[in-house]
Amino acid sequence: MSNSLRTRTAPPTEVVNIVKNRNKGKLPPGEKALIASPGTWFVWFGIAAFFILLFGIVLSVLVDSLGKPWFNTWLPENFTLGWYQESWERFNLTHIIGVTLLVAVSVIVISVVIGVPASYVLARSNFPGKKLVMLLFLLPILIPPITFGIPLATVMYNMGLGRTVLAVILVNLVPSVPFVIITMTPFIEQINPAIENAAKMCGANMYRVFTKVLAPLLIPGILAASILVLVRTVGMFDLTFLVSGPTSDTLVVAIYRAMTSAGGGESRQLISSMGVIYTALMLLILIIALRFINPTQLVAQVKDSRED
Amino acid sequence: MTSATNTASRAHGSASLKHRLAERGIDTKLLLLVPAIVFALLLFVYPFAYGIGLTFQPLAATQDQWGGGFLSNYVAFFRDAFIFDSVWLTLKLALPAALFNVLVSIPIAFKLRNKFRGKRLLQTLLVLPITLGTVLTAQGLLIFAGRQGWLNRFLMENGIIDQPLALVNNYIGVMLSLIISGFPFAYLLISSYLSGIDPSLEAAAKTLGANWKQRFRRVTLPLLAPGLATTFILTFVLAFSVFPSARLVGDASGDTRVLALMAYRAFSEQLDYSMASTIAIMMGVVELIVIAFVFLGRSFLYKGSTGGKG
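Top line first, the protein sequences correspond to chains S and Y. Heads up: the first sequence begins at 1 in full-length UniProt numbering, then just goes up one per residue. Heads up: the second sequence begins at 1 in full-length UniProt numbering, then just goes up one per residue.
Careful: at least some of the hints might be erroneous.
Straight-line distance between alpha carbons at most 30 angstroms, and here's what the computed DSS-like set of lysine-lysine pairs gives [to be verified]:
(1) Y/Lys-29 x S/Lys-131
(2) Y/Lys-18 x S/Lys-200
(3) Y/Lys-29 x S/Lys-212
(4) Y/Lys-213 x Y/Lys-111
(5) Y/Lys-213 x S/Lys-131
(6) Y/Lys-29 x S/Lys-130
(7) Y/Lys-213 x S/Lys-130
Partial list, derived from the structure: chain Y residues whose beta carbon lies under 7 angstroms from chain S [as the list claims (entries may be wrong)]:
(8) Ala-40
(9) Leu-43
(10) Ile-143
(11) Phe-144
(12) Arg-147
(13) Ala-260
(14) Ser-277
(15) Ala-280
(16) Gly-284
(17) Glu-287
(18) Val-290
(19) Val-294
(20) Gly-297
Bear in mind the hints are in silico, worked out from the structure with no lab data behind them. The C-beta atom is built at its ideal place from N, Cα and C for all residues, glycine as well.
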């Protein structure tokens, strides 16, 4: 068959290869070989290596935070919960976690209140200078936090806001508001505008369109965006670190300060137990989050609407 | 809000200017944009402009040492090897890390794109590093990969190595922490881009007899390439502003003296706000240059490959 093909039309090499390949596989279509190909081996090896590293890190911190003395052996000699108690009292973790949650919730509320109306306008209307406005909201996400964080922190200190909780909230808003806008805009774009128009024709004003029609439709998107903001804010180190002080440290910053404090830092187990508390907090947030959103879906939505 | 609708209905009756503006997209709806713009101007544009202004007001000490008048900070930045080398040190960390994360994610995302048992579990596990944060990753690396950690212990007891490997407090340590935090991110992004490609395109190529290499090279890769560029940029941005891990698992005065660290030192240890702003802003400039290069390359990629798609 391939001979007749070649003599008649003298196909390009690509086609010849294809024809050759057709006969190469010995298995009937739809069946898979039992022995995995080298590519599969590579993939599973990579994943395994990654997870060994990951679980090694998590487990060693966990074991370290529970172990009494642990130096030269596979496992510590005794296990204790004492480190948790000690670090909780020593670093006043009730206060630190309180500050962390206060900052996170304020940042979410403010950035949703400011961001969602803006993303509604960006999704629904075209106006002169729209590209410029988009750029204004894209820059804080693209530029490294330190780059705008240091001038921002200087301004904060000049205004006498340095080391206050208010300053921590304000600096964390800088990447969060654009983040809400960037994630919500494609989400609003996919809501059919006919629904709003119908409401307007029935006599609803802007305010009522927003509260009675749009808000219920937007809830899933707002929830997804605010969970991502929550994760970012709790994990945000650079910006918080620049303006926070002893009374306004969030948990990450407190751990960092404990690790780098003068005189070789605090004892390792105390830091490990704080780390475990931090991870537990984040895990709790993420488990709640994954019940509501699929992280890959959100990105896919962004991409689909971009192609339109 | 009610007053806004009142003016809108009055405008409908009389003023034509309002109507004409509305046709161009300028109407009361734009008021919703005002809080966000005011916010961005106050907390982003103003401090940024202030910071740029600050870079032209160097301390007397900087002027004495490097000269150059009001540009003295910039002279110091380019002349002082201790500062300027950190540009290369940062790029030497961020570029390979971002490249590695993207390149390794491609085959893995490709293989795991089909449905299989435990896929959701695997994806959930891959989200796990986000919960760790940089600080805990650093702490874990110090314990796990340190001289007496499980990794070195395992390798030593099995006779694979004689001396413990130096995996932390140097370049490798920071690289490992960048991979742990960056790879899941790159993987999730790439796999979502991959799921955005219509599978029927590949099926069509398959019915025409293309093997997997040809399908990948001629169909999937060109469609994926813009997404890869975006992923690279985002991973690069993450890796470029690495700061806590460079200090905690790196060699903060040597190999991993990254720009963020230098800027922070000038800010909080030397209290030289103008030099700190200079380093910070130059850091942004370097990053934007790399991003611009990738975007440039991306525009070539995209044009070349969609030509065939039609």
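Original post:
Hint check: is the beta carbon of Y/Ile-143 less than 7 angstroms from a beta carbon of chain S?
Top reply: holds, 4 angstroms
Original post:
If you take the shortest Cβ to Cβ gap from Y/Glu-287 to chain S, is it below 7 angstroms?
Top reply: holds, 6 angstroms
Original post:
Given the proposed pairing of Y/Lys-29 with S/Lys-212, does the C-alpha separation stay at or below 30 angstroms?
Top reply: Roughly 17 angstroms between the alpha carbons, so the hint for Y/Lys-29 and S/Lys-212 holds.
Original post:
Can Y/Ala-40 be said to touch chain S, with a Cβ gap under 7 angstroms?
Top reply: holds, 5 angstroms
Original post:
Against chain S, is Y/Ser-277 within 7 angstroms by beta-carbon distance?
Top reply: With a closest approach of 5 angstroms, the Y/Ser-277 hint holds.
Original post:
Holds or violated: are the alpha carbons of Y/Lys-18 and S/Lys-200 at most 30 angstroms from each other?
Top reply: holds, 19 angstroms
**OP:** Under 7 angstroms, Cβ to Cβ, is where Y/Arg-147 needs to be relative to chain S, so tell me if that hint holds or is violated.
**Re:** With Cβ-Cβ at 11 angstroms, over 7 angstroms, it is violated.
Subject >> Agreement of hint Y/Phe-144 with chain S interface, Cβ distance less than 7 angstroms >> reply: Hint holds; Y/Phe-144 Cβ to chain S Cβ min 4 angstroms, cut 7 angstroms.
Original post:
Going straight from one Cα to the other, do Y/Lys-213 and S/Lys-130 come out at no more than 30 angstroms?
Top reply: Roughly 43 angstroms between the alpha carbons, so the hint for Y/Lys-213 and S/Lys-130 is violated.
Original post:
Taking 30 angstroms as the top limit, are the C-alpha atoms of Y/Lys-213 and S/Lys-131 close enough?
Top reply: Violated, at roughly 40 angstroms.
**OP:** Identify whether the interface hint at Y/Gly-297 stands, where standing means a beta carbon of chain S within less than 7 angstroms of its own.
**Re:** Violated - the Cβ of Y/Gly-297 stays beyond 7 angstroms from chain S, reaching only about 17 angstroms at its closest.
**OP:** Would you check the hint for Y/Lys-29 and S/Lys-130, treating anything up to 30 angstroms between C-alpha atoms as holding?
**Re:** holds, 14 angstroms
Checked against the numbered hints given earlier, this structure breaks hints 5, 7, 12, 18, 19, 20; the rest are met.
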